[in-house]
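Two chains, each in its own frame: build the complex with the hints.
Taken in order, these protein sequences are the chains called A and B.
Numbering of the first sequence is given in the numbering used here, commencing with residue 345 and proceeding in unit increments.
Numbering of the second sequence is given in the numbering used here, commencing with residue 4 and proceeding in unit increments.
Incorrect hints may have been included.
Just the calculated beta-carbon pair ranges, DEER-fashion [to be verified]:
#1 A:P379 with B:D51: 47 to 55 Å
#2 B:V173 with A:S391: 53 to 61 Å
#3 A:S557 with B:L74: 42 to 50 Å
#4 A:P528 with B:V173: 35 to 43 Å
#5 B:N238 with A:G473: 18 to 26 Å
#6 B:V27 with A:S391: 50 to 58 Å
#7 A:P379 with B:F42: 53 to 61 Å
#8 A:L507 with B:P171: 31 to 39 Å
#9 B:D47 with A:S469: 47 to 55 Å
#10 A:L507 with B:N172: 31 to 39 Å
Please keep in mind that the hints were generated in silico from the structure rather than gathered at the bench.
Ideal Cβ positions, reconstructed from N, Cα and C, are used throughout, including at glycine.
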Amino acid sequence: MRDGQVNLLCKIVAIMVMIFLVAPLIIIIVVSFTPTALITFPPQGFSLRWYVNIFAGNTKFISGLINSLQVGLLATILDVFLGVLGALSICRYNFKGKDILLNYFTSPMYVPSIAFAFVLLQVYSQIGGINGMARIFIGHMIIILPYIVRNTVSVLHVFNWTLEDAATSLGANPIQVFFKITIPLAKPGIVSGAILAFLYSFDEVALSSLLTSPRFVTLPIRIMNYMELTFDPTLAAISTLLILASLVIIVLMDKFVGLDMFMKN
Amino acid sequence: MDRKRRAFLLALPASLALLIFFIVPMVYILVKTIATNGFQDFVDFFTDPFYLDILWTTIRVSLISTFVSLLLGYPTAYFMARTKSRMKKVMIIIILFPFLVSAVVRSYGWMVLLGTNGLINQLLLGIGIISEPLKMLNTEFAVIVGMIHLLIPYMVLALLGVLQSIDPNVEYAAYSLGANPLQTFAKVVFPLSTPGIISGCVLVFTMSMTSYVTPKLLGGSKFRMMATMVVQEINVNFDWGAAAAISYILLAVILVIQLLVTLSTANYMKRMGGGKNA
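Isolated chain B, as found in the complex (with noise of 0.2 Å):
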């Protein structure tokens, strides 16, 4: 029982710094905020059409920006898995520049090109292509922009994995069968790659929802996503209680899609016949 001792003392600091530090306060506030005013701050979410539009305005974001990351992170991870030149390396060092470039200097780039002012209004103006500023920034569309530009390096890095364990002699296969370039990516690639897509467009999905700088940076303050408004609850509403049900509800969303995503892909490994790794 030495070596279990010993598993037990490596484990508890974090443990501890855990539970002190994120899991009491977590439970405790989400308790006192119900002892206090039961669940009326939830029903009050619910019930209102301003927080449900906000709530909406979250997903149809979220899942705007997980579409396009796929439909241009896709093919773009598919020639990063099978390239053999030299340009993958450059490309590899500009997906990986997000865990790198803080997302307040990104959203400052899409600001000076999207501004009224912007060097894109410049542009057009200059060619005459429009006589009046465009209004792009604090819009819908620059967060979504803005959102993209943070999130495909993550979906290229989820689907290229998956695209490199895929052996091209089976898609060399597929094509001596008869099968067409559709048909092969139909039948043979996007069946082998579903995990890295699932496992893609739920990390996109979620940093997305919970997203804070882009939304507040590129959409200006009467653009509303679920983490702003806890900021605006707080600092303009002053009301703690909105910010409480706002904060839990988005954890509450983020854990069911978790759950639901991983009994799902649980299943589909089953049904594949693989184990754990495969």
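Just chain A, same shape as in the assembly (with noise of 0.2 Å):
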């Protein structure tokens, strides 16, 4: 075959490419087994302590850990009720300016998530007293609401709304038809929906920071003062977790709704 070198070249670029992505994170779960503060490569033995200062050092990355997914998973919910009927409306019934609503559910999408944390830092400091979780929950709530809303969209789009009469014409009531047929047939573009919602609000860090009390930080924005302040292999072995529990989700989703879901863009 003629197109036989195009190909090599493509496999030996792409291969090159895959090395690139994942050098990093294998090389941060190797060194967080380092027994010593100055980081080598290949350890000079093997330690678990630097997991052991997760825990019992005050590096409060637990605490950061439990704001964030308070915040991932209120945020989450709340707007699936609201992506979920909002992509309902849009695609259950046709009427002019379907194209403009969803655009507008979408249109956090399009605004600098800066631009949007100075605006609300703006907002909150002059209304007041608003208290610390609720500044960065209101932030995320807004900005992970098109992952839902287009997610959701992407299964509706191509939904057999016929099913629906059925339904109705065998003697369901409108709400069983919306817990019993639509909502299962949606579900796969409803999930992956609020994972990545999820881990889009878990992993924020521009609106974070901005909106962040000392009361309430969450867990991206600790690990990024404690980098400021000391930056011993303590960050290797938080980071290690952190890509350990996305290899499990990502598993999982493999398993469950299928990586198809989550690769359009």
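Laid out in structure tokens, this is it:
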């Protein structure tokens, strides 16, 4: 075959890109077991002291983790409610301005999160008295909404609405139709959107770093603050745990929703 | 009209949330900035070489990162679209990782590698290629490397969708009509994949224009891009007017790019004789 060389070239580039993408992550995992404070490669021995340090030291990573989980879960649950209803209104009914409504729902994607963070910061300082968690929660709730709307719409777009009519003609009431037909069939879109939205919130930095208050700090901000003071392998240890958690999530996603749902850009 | 009312009611909660917590604040602060200081903050931005330099740095870093991501991402996506081997699954998992692993963690990996006492310097010193550690961390180079690492997956995903939809038989037809691989690429594959190239480049370019974590962690305190400058104006200079100007200028740049692309792709689709789904 004449295109053999082209394919070989592409294959080499592809493999190099994969190595480039994975290398820093593998190195983090390896150096997290290093016994010395100075990172060397390969590590001179094996130790779990940096993992112990996550829990024992005054890193406050665990309280950061709890805060991040709280904000992420709350924002995701609320947005699943808002986003799924919004997606239904766009896909279920025909009306003028459907495209405009979809653009409206996804508009936070086009706004730099740092600009939105600055705006919220100014509004908060004018209103006053908005506590730690609400400051970040409001921001996250807005910027993750597009992911849920978009993924749900992508499923409802190819939805066979006659199924709903069939259920109704068989005697189901609207609430039964919604929970037994519509929601189960839209589930892959809702679940994949919710996972993406949660992860976005969990990893979010730009917004949180401006809106954070000493009483409520999320995990990524804790890690960045720690980094500025101490650059020891505790960072590698907490990073390794986050990488492993991501691996678990990707395996679960593959099993329950299929990775295709996450590849629609 | 009952159906219309139901659609309205379903759309209401999300619409209200966006209106109250997003649209109104964005407009209100813009109006307030202009009401208190006129357009002075914006004029200052465009007349001060310091700020213009930051804007130019942001554009330069974004252009380089986008270009390299396309250069490396295209062959990768092409290989992934055509291969039937089991490697494809592994590659997809590696590509999907950016959605899952925080930018802080990924930047940390590059800090470990590129630092003065970092692993690359240790290696080069150990072999004896260099006698003094190279300064790689806290430079524009480090930011670009970290940025490409973050952005390639998005580029590959955008290209993969389009390349997978090109029938390989079209390429075989070109070969059998006497085209060489280069001609086949230039006249068949490349034109058919332009929508993916455009959407990938726009996505990656805007992400890089607005990025905060990577320039902050890999660029150091003296390296400034638009997003990091917003935070610096607020936390270090206490100049809220300047922060507002930078925020809204960045927003305007992103919106103009999106608008231009939407208009030009609509045009392109029309010329190609395709409808919405072409």
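Each hint tested on the structure:
Remark: the range hint 47 to 55 Å for P379 (chain A) to D51 (chain B) is upheld by a beta-carbon distance near 50 Å. Look at V173 (chain B) against S391 (chain A): about 57 Å separates their beta carbons, and that is inside 53 to 61 Å. As the Cβ distance of S557 (chain A) to L74 (chain B) is approximately 43 Å, the hint placing it in 42 to 50 Å holds. Range check, P528 (chain A) to V173 (chain B): Cβ separation about 39 Å, and the 35 to 43 Å hint holds.
For N238 (chain B) paired with G473 (chain A), a C-beta distance near 21 Å keeps the hint of 18 to 26 Å intact. Distance hint for V27 (chain B) and S391 (chain A): a CB-CB separation of about 53 Å, consistent with the stated range 50 to 58 Å. Our hint of 53 to 61 Å for P379 (chain A) and F42 (chain B) holds, since their Cβ atoms are close to 59 Å apart. At roughly 36 Å, the beta carbons of L507 (chain A) and P171 (chain B) sit within the given window of 31 to 39 Å.
At about 22 Å, the beta-carbon gap between D47 (chain B) and S469 (chain A) misses the expected band of 47 to 55 Å. Range check, L507 (chain A) to N172 (chain B): Cβ separation about 36 Å, and the 31 to 39 Å hint holds.
Violated hints amount to a single one, hint 9; each of the other numbered hints is respected by the structure.
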